[in-house]
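Chemist: Here is what each chain is made of, one letter per residue.
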Amino acid sequence: MNILTVLLFIPLVTVLSILFVRNDRAIKWMAFGGSSVQLLFSIWLTGHYMSLRSAGETAPMLFQSSVAWFEPLNIYFRTGIDGISLSMILLTALVVVAGVLVSWKIEKQVKEFFFLILLLSTGAYGFFITTDLFALFFFLELAVIPKYLLIGVWGSGKKDYSAMKLALMLMFGSALVFLGITALYFLGGHTWNILEIANLHLPIEVQRVAYVLLFTGFGVFTAMFPFHTWAPDGHSSAPTAASMFLAGISMKLGGYGALRVASWLLPDAAHELSWIFIILASIAIIYGAFATLMQTDLKYMNAYSSVSHCGFVVLGISMLTKAAILGAIMQMVSHGVMTALFFAAIGMIYDRAHTRQAKELGGMLKQTPFIGTAFIIAGLCSLGLPGFSGFVSEMTIFIGSWERIGAGYRIATVLAAASIVVTAVYILRAIGFAIWGTITNKEYLGLKDASWNERLAVVMLVAGIVLIGFAPFLLTRLVGADVDIIFASLVK
Amino acid sequence: MNVELSLLILLFLPLVSFLFLSLNGKRLSPALAGMIGIASLSVVTVLSLITAYGYFFEYGSVADVYQKLEPIKYEWLRFNENLSIDLGVLLDPISVVMLVVISFISTMVHIYSWNYMHGEERFQMYYAYLSLFTFSMLGLVVAVNMFQMYIFWELVGVSSFLLIGFYYTKQSAIAAAKKAFIVTRFADLGFLVGILLMSNGAQTLDFGVLIERLSVPSSPFTIAMSTGATFMGMSALAWGLILVFIGGAGKSAMFPLHIWLPDAMEGPTPVSALIHAATMVVAGVFLVARLFPIFAISAPDALEVVAYVGAFTALFAAVIATTQTDIKRVLAYSTISQIAYMMFSLGVAGWGEGHNEGYTASIFHLFTHAFFKALLFLGAGAVIHAVHSNEMADMGGLRKKLPITHYTFLIACLAIAGVPFFSGFYSKEAILSAAFHDNKLIYGVALFTSGLTAFYMFRLYFRIFWYKEAKADHGHGHDNHESHTWAMNIPLILLAIAAFGAGYIPFGHFVSADRSQVELPFHLELAIPPVAVGLIGILIAYMFFVKENVKALNVQQSFGAFYKWAYNKFYIDEIYLFVTKKVLFNLVGRPAAWFDRTIVNGMINGSASITAFSSESIKKIQSGNVQTYALYFLGGVLVVTSLLIYYFQ
Chain V
852 MNILTVLLFI
862 PLVTVLSILF
872 VRNDRAIKWM
882 AFGGSSVQLL
892 FSIWLTGHYM
902 SLRSAGETAP
912 MLFQSSVAWF
922 EPLNIYFRTG
932 IDGISLSMIL
942 LTALVVVAGV
952 LVSWKIEKQV
962 KEFFFLILLL
972 STGAYGFFIT
982 TDLFALFFFL
992 ELAVIPKYLL
1002 IGVWGSGKKD
1012 YSAMKLALML
1022 MFGSALVFLG
1032 ITALYFLGGH
1042 TWNILEIANL
1052 HLPIEVQRVA
1062 YVLLFTGFGV
1072 FTAMFPFHTW
1082 APDGHSSAPT
1092 AASMFLAGIS
1102 MKLGGYGALR
1112 VASWLLPDAA
1122 HELSWIFIIL
1132 ASIAIIYGAF
1142 ATLMQTDLKY
1152 MNAYSSVSHC
1162 GFVVLGISML
1172 TKAAILGAIM
1182 QMVSHGVMTA
1192 LFFAAIGMIY
1202 DRAHTRQAKE
1212 LGGMLKQTPF
1222 IGTAFIIAGL
1232 CSLGLPGFSG
1242 FVSEMTIFIG
1252 SWERIGAGYR
1262 IATVLAAASI
1272 VVTAVYILRA
1282 IGFAIWGTIT
1292 NKEYLGLKDA
1302 SWNERLAVVM
1312 LVAGIVLIGF
1322 APFLLTRLVG
1332 ADVDIIFASL
1342 VK
Chain G
1227 MNVELSLLIL
1237 LFLPLVSFLF
1247 LSLNGKRLSP
1257 ALAGMIGIAS
1267 LSVVTVLSLI
1277 TAYGYFFEYG
1287 SVADVYQKLE
1297 PIKYEWLRFN
1307 ENLSIDLGVL
1317 LDPISVVMLV
1327 VISFISTMVH
1337 IYSWNYMHGE
1347 ERFQMYYAYL
1357 SLFTFSMLGL
1367 VVAVNMFQMY
1377 IFWELVGVSS
1387 FLLIGFYYTK
1397 QSAIAAAKKA
1407 FIVTRFADLG
1417 FLVGILLMSN
1427 GAQTLDFGVL
1437 IERLSVPSSP
1447 FTIAMSTGAT
1457 FMGMSALAWG
1467 LILVFIGGAG
1477 KSAMFPLHIW
1487 LPDAMEGPTP
1497 VSALIHAATM
1507 VVAGVFLVAR
1517 LFPIFAISAP
1527 DALEVVAYVG
1537 AFTALFAAVI
1547 ATTQTDIKRV
1557 LAYSTISQIA
1567 YMMFSLGVAG
1577 WGEGHNEGYT
1587 ASIFHLFTHA
1597 FFKALLFLGA
1607 GAVIHAVHSN
1617 EMADMGGLRK
1627 KLPITHYTFL
1637 IACLAIAGVP
1647 FFSGFYSKEA
1657 ILSAAFHDNK
1667 LIYGVALFTS
1677 GLTAFYMFRL
1687 YFRIFWYKEA
1697 KADHGHGHDN
1707 HESHTWAMNI
1717 PLILLAIAAF
1727 GAGYIPFGHF
1737 VSADRSQVEL
1747 PFHLELAIPP
1757 VAVGLIGILI
1767 AYMFFVKENV
1777 KALNVQQSFG
1787 AFYKWAYNKF
1797 YIDEIYLFVT
1807 KKVLFNLVGR
1817 PAAWFDRTIV
1827 NGMINGSASI
1837 TAFSSESIKK
1847 IQSGNVQTYA
1857 LYFLGGVLVV
1867 TSLLIYYFQ
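For the record, the sequence lines run as chains V and G.
Quick note on our numbering: the first sequence kicks off at 852 and runs consecutively.
Quick note on our numbering: the second sequence kicks off at 1227 and runs consecutively.
By construction, these hints were calculated from the structure, which means they are not laboratory data.
Predicted, not measured: the structure shown is a model, and the values here were computed from it.
Glycine included, each C-beta is placed from N, C-alpha and C at the ideal position.
Keep in mind that a hint or two might mislead.
Distance windows between CB atoms, simulated [unchecked claim]:
id, chain 1, residue 1, chain 2, residue 2, range
1, G, T1824, V, S916, 45 to 55 Å
2, V, A1026, G, N1250, 31 to 41 Å
3, G, L1231, V, I996, 50 to 60 Å
4, G, S1444, V, H899, 52 to 62 Å
5, G, S1784, V, P1220, 24 to 34 Å
6, V, D1011, G, S1255, 31 to 41 Å
7, V, L1266, G, G1434, 44 to 54 Å
8, V, E992, G, L1813, 39 to 49 Å
9, V, E1056, G, G1434, 45 to 55 Å
Start from the sequences and build out the full structure, keeping to the hints where you can.
Modeler: Here it is, written out as structure tokens:
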């Protein structure tokens, strides 16, 4: 058995065994256990991968395998990973454990809840390990459906509307992706294998069509302007763990796809047409930041801020320089962990105070110092403070974008850089209103600080952003060679 | 001890102390937390002094020229073939001087806070933040790489933010902390774009290589950057430097980015002494000094911008300082004005012998100012401690109640006013003589400003320690004796000694633009005007507030509208408020949010409605009626056939 299938095996076994357990507590512990094993396994796998690499493995993907799925159409379940997919797998594993931990208080339909979040994670793992476009699409879909249910059943506010909107828009995105990959299959080499397609020199006409379809389709997942509107509603209606997955993992499916499939496989079209997405990304960054400024609901705030931050991912990918692509990957990991922390902290506040309106809160640092501090750390990471992951990834993108010569690209970079000022404004406003200040509402005086599971989740996520913030070279070492490969195909 | 190890300890001890104090928090007793902070800072000070001694007298100079040493340098993050962030320690005269200043003042503030902050609820966190600040500031000055500086630059900003907002339940403190961070962030955007521009032009982020490549007129990098495209008449290189200078102007509170500093006085007073007077706010000066060879050799036009911004700010802030009544705000504007002195002093300096006096003078003034300004703030803190108010109206005649504070404050006032034999006299004389030789307009402004400085400082001094006593009817009552202890007195006395004696250091032997050892010239004929102007300023203050021959109020009235304008800080804050609230929030933010909710979202919802509507309309087609289907089928076949015929004809 291929070692990568373990990544699917662990969550699937957990999911299935949850079905046979009746005790809610046991289900929670099983979910926690399964996701922790997965995290440990991913860490081990990363170590293993690095040792193989340093032993001189130079293949673009390691641990390759292939199992026929539907031979008449050449559909295989092919696996293979490189550093980029590993960084995404680590991110997913970390966010899932944290998500399980903050969902400890779920009481409604516990079994179904944990079943769905683990199923969702299975989709994400499958997406990151496969090198077959059809399987990729399959897993992308698998990661969409559970979200609809998670929001619709366990959500809050106008959850039906949000769930429907999110599902429809993401379906629209995956429809574009599907059109794109079928175009690649039929107009290309009648293969779904990414590694084979990467070596084909597709005619530019085919590339153009497929690039626009695929990039836009994956763009919907990263909440690219103007297809971002599912994000604010979806995030704010979703239960905490689902928000964490949505922003922490799902939006990364899009970024990963845009890089791995759209840019890598279609380099000529990328050179010709990336300006479209640079413009959209610049708009998303600065306009998302200004829209965030006006939000009063903390979840809406973080959702809009995710639109702005994920704009950096799209910008980095579209700039097509080595540093920018590297920065985009770092930003994906960084934003994934940071936004999960942010949503976790907001969720903890909401669980206690039953409001997410920044102006109704206040004095949280005094009453619940741990949660307040978690919020402040997430905020400081979001506004790009050195020492946290947001800084290194944004700076790498700026350096990379500046390398692309041309006045238009420079303007896009300066616009993106200008957003860091606006980010500071909305983050500090939120901290000023909700976390600092005096307790305005007497009911808040009895609020309890974080429980052990919440503390553990926060500590893990903070460790993630601090690790990247202090030792970004760990991440760049993991993905550096793969960025070189992608870059080489882009300049050839 | 070997240099590398001692530098590592010097840098990381404050970080360790920060982590330890912040992670343990309330579990430590306040006394222990304070002791840890003070002890680690004392070690840092000793190590900085050892480093300074070693650098200046043992290993630093080769043939009487101080070398740029990089004893520690690690690659931290590589962007591409040429650009990477390296973290390390760069020792050169200015960074070594800064090490001494920062660690010494920080230790004084640590000791002073022991008493001043006694009984505060978050005493442990206070010391943790102080350590964080010290770590960041030390990392900033020893930066080997532009990005290393930027990293610590931001960390310094956040420590300042946390300390200004230390009393985070107070609305005014929250507002001030946000303002400080956001205004400097805005300036940092300039710094960042400047870094991008310059690093792209020079293909390096390393300070040493950058300066080498851009300060030699014949180097291809300099030629490419200074002859290529121009924007508003200035080359890419000049713009890069100006953008970097904007970052410096933000931290150093140059007009028009000064607005955050007076508000930053919301933080505890010892913090104002450390961060907002002696160390962090001179980071901008340090930045310009760091890049000085590029400014002076390759882009004198950018240096001219520095000079004029500095000169204007010096005068502007001094005028405001004469009108303020909150003693900390007077000191804040005085700080802005004094930093502006350092700034234009760099601006009037040039390259080559005989022109670079301004460079030495600027760092000299930075050095002396750190001592007397920290002393002024700590003295003000003692006063505030005694009368529980920042307002001059609540003070007066305190010289008997606070004898130690009184004498040390007087020494600081004499130093800042430039009275002979006190440290400020020597550094200010050097600045003025540099200005005199380069730019008479700036010289005139500086001379007039030094008169104003003497006036407002002695207005402050007489108003606090002489004048008539305030009626104690504001509810707090005065403490009758100097209630503070050794922990507050020792720093006051040590700083007073430094504020008096720092001027006797032959500074030119240590710091000069080309790192050689020079003798700062002393021109008696140039020393007389500032002293005379200063004494006149002191005399006027004396007549106003001690003799009361002239009622200050009458003079105020004779200035009328101008006084009111200056008292309200020339309404700069109101202009900012207008731009941010009215323009950015209401004209950009609100429309963006509205556009998003209504137009973009509307389109998405609209397309859903259209889908719903069209499916509603076409569902009639799916009638289940076989005959109808057959009809459609027939129609379809006909259409396809005719298309095929047409196509293959």
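Chemist: Could you run down the list of hints and mark each one as holding or not?
Modeler: Verification of the hints:
1. G/T1824 / V/S916: 45 to 55 Å: Since the Cβ atoms of G/T1824 and V/S916 sit about 50 Å apart, the hinted range of 45 to 55 Å holds.
2. V/A1026 / G/N1250: 31 to 41 Å: 55 Å, violated
3. G/L1231 / V/I996: 50 to 60 Å: At roughly 59 Å between Cβ atoms, V/I996 and G/L1231 fall inside 50 to 60 Å, so the hint holds.
4. G/S1444 / V/H899: 52 to 62 Å: Holds: the Cβ-Cβ distance is about 53 Å, inside 52 to 62 Å.
5. G/S1784 / V/P1220: 24 to 34 Å: Check failed, 55 Å falls outside 24 to 34 Å.
6. V/D1011 / G/S1255: 31 to 41 Å: 55 Å, violated
7. V/L1266 / G/G1434: 44 to 54 Å: 32 Å, violated
8. V/E992 / G/L1813: 39 to 49 Å: 43 Å, holds
9. V/E1056 / G/G1434: 45 to 55 Å: 51 Å, holds
Going through the hint list in order, the structure does not satisfy hints 2, 5, 6, 7.
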